[in-house]
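S.K.: Assembling the complex is the task here: the two chains are given apart, and the hints tell you how they should meet.
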Amino acid sequence: MRPVRIIVAKVGLDGHDRGVKVVARALRDAGYEVIYTGLRQTPEMVVDAALQEDAQVIGLSIHSGAHMTLFPAVVQELKRRKATDIVVFGGGIIPDDDVAALKKQGVEQLFTPGTPLQEIVDWLRKRFPEESR
Amino acid sequence: MASWWCWGTTSPYAFWAGSELNEADLETRFRSGDTRALARAISLVERRDPSVRALEATLRPKGQAPGVVGFTGAPGTGKSTLVDGVVALLRKRENSVAVLATDPNSPFTGGAILGDRIRMQRHALDPKVFIRSMGARGHLGGLSLATREAIRLLWAFGFDQVVIETVGVGQSELEVAAVADTTVVVLTPNLGDGVQMIKAGILEIADIFVVNKADLDGHARVVTELRSMLSLAPKGNWKPPILATVAARQDGLEDLWEAVLAHRRHLESSGRGRQLAEQRLRDETAEVAAEIARERIRRALADDPALSARLLDTGTPYGTAEEILDRGR
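Protein chains in written order, with this note's numbering: chain W, 1 to 133; chain D, 134 to 462.
Because the hints were derived from the structure by calculation, they are not lab data. Because the structure is a prediction, the values reported are computed rather than measured. Even glycine gets a Cβ: it sits at the ideal position worked out from N, Cα and C. Hints should not be assumed to be uniformly reliable.
[Unchecked claim] Think about it this way: if two alpha-carbon atoms lie no more than 20 Å apart in a straight line, the pair counts; the simulated DMTMM-like pairs of lysine to aspartate or glutamate are:
1. W:K21 <-> W:D122
2. W:K79 <-> D:E391
3. W:K82 <-> D:E417
4. W:K82 <-> D:D446
5. W:K82 <-> D:D416
[As the list claims (entries may be wrong)] A few chain D residues that face chain W, going by a derived Cβ cut-off under 7 Å, partial list only:
6. S165
7. G166
8. R169
9. S229
10. A245
11. L247
12. G248
13. R250
14. R255
15. F263
16. I264
17. G448
Here chain D stands alone, though its shape is the one from the complex (with noise of 0.2 Å):
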């Protein structure tokens, strides 16, 4: 088992020798269902380590794959507190629950402040519930990736339910979709008027409306845009429902989970839950050829100072990166 994580030359966890996490038994204690394994291989998917392969390759999931639902909205819609709802909710149903908590990192510094822990302090304790905090790094494609191993992690561990807790203010929010099997888009009366709810993006996304906040003056209408917008949308099969809720006092949980269910029953019985598990896997080897290509890529400009420097010369990024990659191995 040792081999794999002197695996890179980089390890960057030679100075964790002695402590009380050895990286050797990882895949052990990750068996016998020590929370911290399960952290710190999430860790190692967050950041792209190679290390955890030798890990994943062994562990076999656990039982039926669990349901994935994400939750997307602007800032302060309520999101955090809905999922803590829908955590308690699914506790009374003897749920075990993984939470994936997705907050932005600064652009200029890669620094984040992750505090969707704030609104689940219900569940701190209890052993039944995960909840990790995502920072979004900002890396290409790579949140969805991370977020897909996470998920076949949390699998194996033996989670019935994972929920996704994304901001939805740049395009993390599509990679949520990319992942979920159900997208839950959150809104709050008086984000602006119906134009806002037609641009392009979030709204189309949607496999489930809520708008949160319902005791505030206004709700009824965003529902009443929203449904004019959606009768305006393409006839799919599936019509997005659209759920009042007001997270802080439970009230409306039960209506949006058992829409989370119906949701679920369509995509089993139309086929289309199965085509989405298809297409995300050839998304998924694509992204990771790419990851593997950029890697060598970056590899072998830093390996290869005459390459460099014939690419400064002549310029061409798109020759010299044909040229890298038809080299093979």
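Bound conformation, chain W alone (with noise of 0.2 Å):
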């Protein structure tokens, strides 16, 4: 079976990563292989480490409010790459109106603050039914 390989990302210039490396412990446990590129990443170079990796989800953290630039850049950069088949999840303080913004710019799903871990873990599991974990 094909393990489910994800990386999870900081973009933009926000410095604080204390949320990402929590979703990515839980995503660990959860039996995920988690690939963690670090802070200030730019869409160019979360699509080429998802690439190389040969990740099927990239889960973006963002706490700074750039995610309407941002996050929608990634999903660009992803066409760019023809790896559209790659799913984009992105988590942070996103206002509901941008979520609805967000989704139909082809980002999959968000998560907002107060989300339980184990409704990402759910998620994902349900996304990629056929894969081992």
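M.R.: This is the structure:
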């Protein structure tokens, strides 16, 4: 079976990665292979890492408020690299209106503060049922 | 070309049909230098998927085999930072570099956090640098088999140098030594006293010692202890050098790379390199045979309930295994 590999990344200038590390750990404990790429990534870097790592999923985290620019930029970069089969999800302080707008732009799922970790795991399980973890 | 990928009944790719990396044109895309095709081929190798064989059979190595250097050491000794520095140095010399970084998987859930890329971000957009994180996944001999095959793929893709990195906490560093031409063991000050140094295992695989974080107190003591330990070692033709580095400041990396090159020249001139290469091919063949046998036995037991019933009755795994293997194909 194909193990699900997930890139988790902090995009933009936001220097706070406590949350993304907690999520990374929860995904690890759920049996996923998580590749954490560190702070201050550009959309190009994130997509490049996803291609080199043969990841099926990109999880983005942001707290700086630049999600409306940076999340769609990652989706666009995936289009440019012809890799739209890679699923993008995101998390952070994102107002409801923006959640709807981001989903329209190709971010499949968004998790806002207070989301139980299990909810993220459940979503991945449902999204990738064929694969082993 | 379609024949190979409908090969197993359990192709994990059925649902990938229509995605943008079509498995059928993996080979074409690999040949055209598409990173994603290389990445996918490594995934196939990593999980021992036989569908990659057809691709491997068509690939011809490009030019000279890449030099393979492996870095191992305890967590936190600065391996990733060292590798990052070595990559920078090699890029200055216009070598293309592939990094295979191994981190452990949880033995309980199979999950892993692979974080070696964090220290290597300055190479993120360099098309001549390819970084791949591999989970050790805990399978028998699987890491060295997968790594060897991955190196062959990187060779066919045209990389000049391959750097392998692994955490030396168990046996995975031995697998690295079995794959790399040159094994660098990374130590730091304050890892423990002299007795730690003479414990079996990690020190015996070193072709080169690096004492990293040499700006910290105590580095001179580590060097002294290493020296005295090495003076007790059986005299070989190659005496592992001990180098001090401060990887975070790129200090000592030129000397380190010179030592790697000196070791390569030694392998070449002493004939040891050839010996190693032959030994490795033999080992690899034995490992592949074991893998094939394991799979055949698993399948035979799954497909033949009478046989498994008999195994449970008589309880002789050895006899049952021989019976299955004697059946021939």
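S.K.: Run every hint past the structure and note whether it holds.
M.R.: We went through each hint and held it up to the structure:
1. Distance restraint check for K21 (chain W) and D122 (chain W): the Cα-Cα separation of roughly 18 Å lies within the 20 Å cut-off, and the hinted pair is therefore satisfied.
2. At roughly 43 Å between alpha-carbon atoms, K79 (chain W) and E391 (chain D) are farther apart than 20 Å, so this suggested pair is violated.
3. Pair hint K82 (chain W) plus E417 (chain D) does not hold up; C-alpha atoms about 36 Å apart against a cutoff of 20 Å.
4. Restraint check for K82 (chain W) and D446 (chain D): the C-alpha separation of about 56 Å exceeds 20 Å, so the hint is violated.
5. Only pairs whose Cα atoms come within 20 Å are accepted, and K82 (chain W) paired with D416 (chain D) is rejected, the gap being roughly 40 Å.
6. A distance limit of 7 Å between C-beta atoms decides the matter here; for S165 (chain D) the minimum to chain W is near 13 Å, and the interface restraint is violated.
7. Hint status for G166 (chain D) relative to chain W: violated, with the closest Cβ pair at about 13 Å, above 7 Å.
8. A cut of 7 Å between beta carbons decides the hint on R169 (chain D): the least distance to chain W is about 5 Å, and the hint holds.
9. A distance limit of 7 Å between C-beta atoms decides the matter here; for S229 (chain D) the minimum to chain W is near 14 Å, and the interface restraint is violated.
10. Annotation: A245 (chain D) was flagged as interfacial toward chain W, and the flag holds, the nearest CB pair being 5 Å apart, inside 7 Å.
11. This hint holds: L247 (chain D) has a C-beta 5 Å from the nearest C-beta of chain W, less than the 7 Å allowed.
12. For G248 (chain D), the shortest C-beta to C-beta distance to chain W is roughly 5 Å, which falls under 7 Å, so the interface hint holds.
13. Annotation: interface hint on R250 (chain D) holds; nearest CB of chain W at approximately 5 Å, less than 7 Å.
14. The closest approach between the C-beta of R255 (chain D) and any C-beta of chain W is roughly 10 Å, which is over the 7 Å cut-off, so the hint fails.
15. With a least beta-carbon distance of about 6 Å to chain W, the hint placing F263 (chain D) at the interface is held under the 7 Å criterion.
16. For I264 (chain D), the suggested interface contact is upheld, since its CB lies about 6 Å from the closest CB of chain W, less than 7 Å.
17. Given hint, G448 (chain D) at the interface with chain W, is violated; its Cβ is 30 Å from that chain's nearest Cβ, farther than 7 Å.
This entry does not satisfy hints 2, 3, 4, 5, 6, 7, 9, 14 and 17, going by the numbered hints stated previously.
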